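Visitor: One point on numbering: in the UniProt record's numbering, the residue at position 5 of the sequence shown is 5, and numbering is uninterrupted.
Honestly, the hints are just simulated from the structure, not real lab data.
Incorrect hints may have been included.
Once the Cα atoms are required to be at most 25 Å apart in a straight line, the calculated DSS-like pairs of lysine-lysine come out as [unchecked claim]: (1) 15 <-> 97; (2) 69 <-> 145; (3) 69 <-> 104; (4) 67 <-> 97; (5) 104 <-> 67; (6) 69 <-> 15; (7) 62 <-> 97.
No experiment lies behind these values; they were computed from the predicted model shown.
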Amino acid sequence: MAGKGVVRSIKNYAKGFSEVQIKVREATSNDPHGPSGVILNELAQLTFNEHDFIEIMDMLDKRLNDKGKNWRHVFKALVVLDYLLHFGSENVVMYAKENVYVIKTLREFQHLDDAGRDVGHNVRQKANEVTSLILDDQRLRDERKSPHSLQDRVWNIDYTSTALTRRNEPRYIDEERDLQRAIEESKRLAEIESKKRGDR
1 MAGKGVVRSI
11 KNYAKGFSEV
21 QIKVREATSN
31 DPHGPSGVIL
41 NELAQLTFNE
51 HDFIEIMDML
61 DKRLNDKGKN
71 WRHVFKALVV
81 LDYLLHFGSE
91 NVVMYAKENV
101 YVIKTLREFQ
111 HLDDAGRDVG
121 HNVRQKANEV
131 TSLILDDQRL
141 RDERKSPHSL
151 QDRVWNIDYT
161 STALTRRNEP
171 RYIDEERDLQ
181 RAIEESKRLA
191 EIESKKRGDR
């Protein structure tokens, strides 16, 4: 994966992409893991700046129109758009409504990987979800107004990861185990800290 990252960095430099465009490219790369919560939040905040908003949506548009073999570009662009619809500026909503036909088209997205698996299913499912959200004004308003807990956001990001990486892959199992260990260690340290405060 490091090799792909280096190639992407060279492309970013050679093609003169801005920092904002590079963030979108990183969030929608071909790597088999979803965009981080940090970068999603950064992109959402950047949409409140008109110039940055235009750059973000322009790059997302390119990713959404990518070819089948780059299905991860397309899928992750939908994930980013979904996040921006919830947490980004009102301009994102207006843009999505004006360009909903692009998302609708992706409900028919087709691509088989080298092993003959229908990886296009991930794109079709996400395109259906995003289309439904865009076309339901009341639901979109409600979801933009209602506070989302950190747990909700983590669940959404985890969904992204599992859709991109098969659960039975050793890498995924190792990552999941490491995450569980980190959570347990965090709990243990919190308990120790709590006891220390109690002893004072």
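Visitor: Each hint needs a verdict: does it hold in this structure or not?
Guide: Structure-based check of all given hints:
1. At most 25 Å may separate the alpha-carbon atoms for a hinted pair to count; residue 15 and residue 97 exceed this at roughly 30 Å.
2. The suggested pairing of residue 69 with residue 145 is violated, with an alpha-carbon distance near 37 Å, which exceeds 25 Å.
3. A hinted pair counts as satisfied when its Cα atoms are at most 25 Å apart, and residue 69 with residue 104 qualifies at roughly 19 Å.
4. Straight-line distance between C-alpha atoms of residue 67 and residue 97 comes to about 23 Å, which keeps the hinted pair within the 25 Å bound.
5. At roughly 16 Å between alpha-carbon atoms, residue 104 and residue 67 fall within 25 Å of each other, so this suggested pair holds.
6. Taking the CA atoms of residue 69 and residue 15, the gap is near 22 Å; set against the 25 Å cutoff, the hint holds.
7. Taking the CA atoms of residue 62 and residue 97, the gap is near 17 Å; set against the 25 Å cutoff, the hint holds.
In summary, the numbered hints that this structure violates are 1 and 2.
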